[in-house]
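**Q** Residue numbers (the numbering used here): 1 to 671.
Calculated directly from the structure, the hints in this document are not laboratory data. Mixed in with the good hints there might be a few duds.
[Said to hold, decoys possible] The calculated lysine to aspartate or glutamate pairs, modelled on EDC-like cross-linking and capped at a C-alpha distance of 20 Å, are:
| hint | residue 1 | residue 2 |
| --- | --- | --- |
| 1 | Lys-241 | Glu-307 |
| 2 | Lys-256 | Asp-245 |
| 3 | Lys-261 | Glu-248 |
| 4 | Lys-526 | Asp-514 |
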Amino acid sequence: MKTIGIVTDGLSTLEVFLNNNIKMIFKDKLKINNYFFNNLQKGQKIDDDIILVMLRDRSIKLKNYIDDSKKIIIINRSVKQKDIYRLFSLPKNIDVLVVNDNKETILETISMLYHIGINHLNLIPYDKEKEYKDIKVCVTPGETHLVPDYIEEVIDIGHRFIDISTFLQIITKLKIDDKEVTQRLIKYSEEVISIHSGINHTYKNLTVENDELKSIIKLSKNGMILLSNEGIIKVLNESVKNILDIKEDIIGKNIKNLDDKELKDILNKDKTKDDNVIKYKDKYITINKHTINSFGKNIGSYFCIQEVTYIKKLEQNLSKVLKDKGQVARYTFDDIKTNSINMENTKKLARKISKSDYTVLITGESGTGKELLAQSIHNESNRSKQPFIAINCAAMPENLLESELFGYEEGAFTGALKGGKKGLFEQAHNGTIFLDEIGDMPMYLQTKLLRVLQENQIMPVGGQNVIDIDVRVIAATNRDLLKMIKEEKFRADLYYRINVLPIHIPPLRERKEDIDMMLKHFIKRKIKVSEDVKIIINDYDWPGNIRELRNAAMYIDTMASKDEVTTNDLPHNLTNIKRDYKKDIDYIKNKISLEKTVKVMRCIKNHNDLNKSLGRNAILKELIKEDILISEGEIRHILEVLKGRNIVVSKSGRKGSELSQKGIEVLKLLK
């Protein structure tokens, strides 16, 4: 006998109610086993044919105790029609409090009410930490004891019954063909409101016609054709009409009488249940044929038909294999975080370029995020559902790069795989190939790549026949290709072939606005960055760009033990660098009086040494005592200039100013 496992949080009236609810439909056709999360032991396995669970987060937890997650069904619940009528009588747009035993079940109840048509009320989820003195009406599914005392009218819609959609899932998964079960389910559907609009009516008609699978075929996003044993077309959904370009109404016709010979051939072929690919008119399609059994009787067959734009997509099994190999673009433009106007302009340009199919050349220093931008362009393009193949031309040995790019035939060289191997261009068919560090590609391969770009054809190593491909190329380099052309290290004709849509990514030193933001983003925990650290990281040139910044963040994340990042937490390449402050001093000389600036800085430094900071008025008083002629306006201007060079740090409120570590070093040079 087939078994159902019901897993709830703990012993309560809920599992008794669910057991009785299931027995209403299946009677003694199934055996029910009850489990409780708080009693499950580590390593314990639940081996029932299907397992029912109440909430989605519980289904995730349940995966530790079962071998096949496909057995799990999350119970949808609804209410009886007689219990819901009072809600329809309430005035439109009034606030109604919804109370249940926890936040998730409250939201589930609200969703259920909206699904069954209670959309004229403002349903408010109950939070026990709040008061709702202005709300006079409450609705609850059997949890009246949780309703606040000040609510004037409580509408108890009773325990929620299992929705008919869940019973249909159970019937389908367990392959139950029992007329009595079906009749009980029809009667049940007349009492319980379905959260899926129209499913009751569809299921009743289905049973009357003795053809349960018809509605499933009609609702399927796949192309579905249902044939009787006599070859009569019983069902033909809109999806298959679009896929096979069927214009006329052929429902009710025998396939022998079809005018379309190609369609007749498809429905006459004896297909297996495995995916089969055939060419139909100007497109490739996959076909699965299945036999239909109803109440133990073979009543016909149906065809599941899907369109495959190119047969390569099916061969590569993109939905799984490409992900396993990392041949998908994971990043989008939303992943490129920036506060820099220059980088924002680069993103806008890349978004425009993504809509085109022309070749792209991304230039930028190492570590600026060229592949991130390439993946974003692919995901914004019309090829986003197709493969994204990336290869680093510098990382691959020269003798392997050709076979990796273009593939090879069986026996092409010693060690070649039996049957040959598809190259990356062929795997990227209909998608995008990203050629990183193209400036490091050998000259003889540049010639072959040029032909690929010109002819849209490849020839595998050791092959005799060309293969047509449709691939968008995105190339990237950190090298000066024009200089390489002059040195005859890069082909000029290839350069002009790939430089159709050029994009340049600015280095990190030209987008200082991003440094602090990115550092905090890369550090895996919330932590404050001290002003001295901000000055150091903003003064640093970051030759390794974002890659180097990420490494620094990982170092800080490991070393910082307090709530604030200090200079002691920075890697040595940031703290040990010899800094040249001549530019800062020259800048000060051009903007303000150097003599008065030194007086202001020394005054601040003296107080800093006493763990004090100074505001403008305090600085003015100190300098007047020293008989230095200076106005408050001059002090304000000096402080603004020094702040702009990260020499002075101004604290909020009346705490005044302090010299940064950089300011201390500059002051030493000015004395």
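**Q** Need the status of pair Lys-241, Glu-307: alpha-carbon distance at most 20 Å?
**A** Holds, because 12 Å separates the two Cα atoms, which is no more than 20 Å.
**Q** Quickly compare the C-alpha distance for Lys-526 and Asp-514 to 20 Å and report which way the hint goes.
**A** Holds. Lys-526 to Asp-514 sits at ~17 Å (cutoff 20 Å).
**Q** Below or equal to 20 Å on CA atoms is what counts here, so check Lys-261 against Glu-248.
**A** Judged against 20 Å, a Cα distance of about 14 Å means the pair holds.
**Q** For a C-alpha distance cap of 20 Å, please report whether Lys-256 and Asp-245 respect it.
**A** OK: Lys-256 and Asp-245 at ~19 Å, within 20 Å.
Violation of the numbered hints given earlier is absent; every hint is satisfied by the structure.
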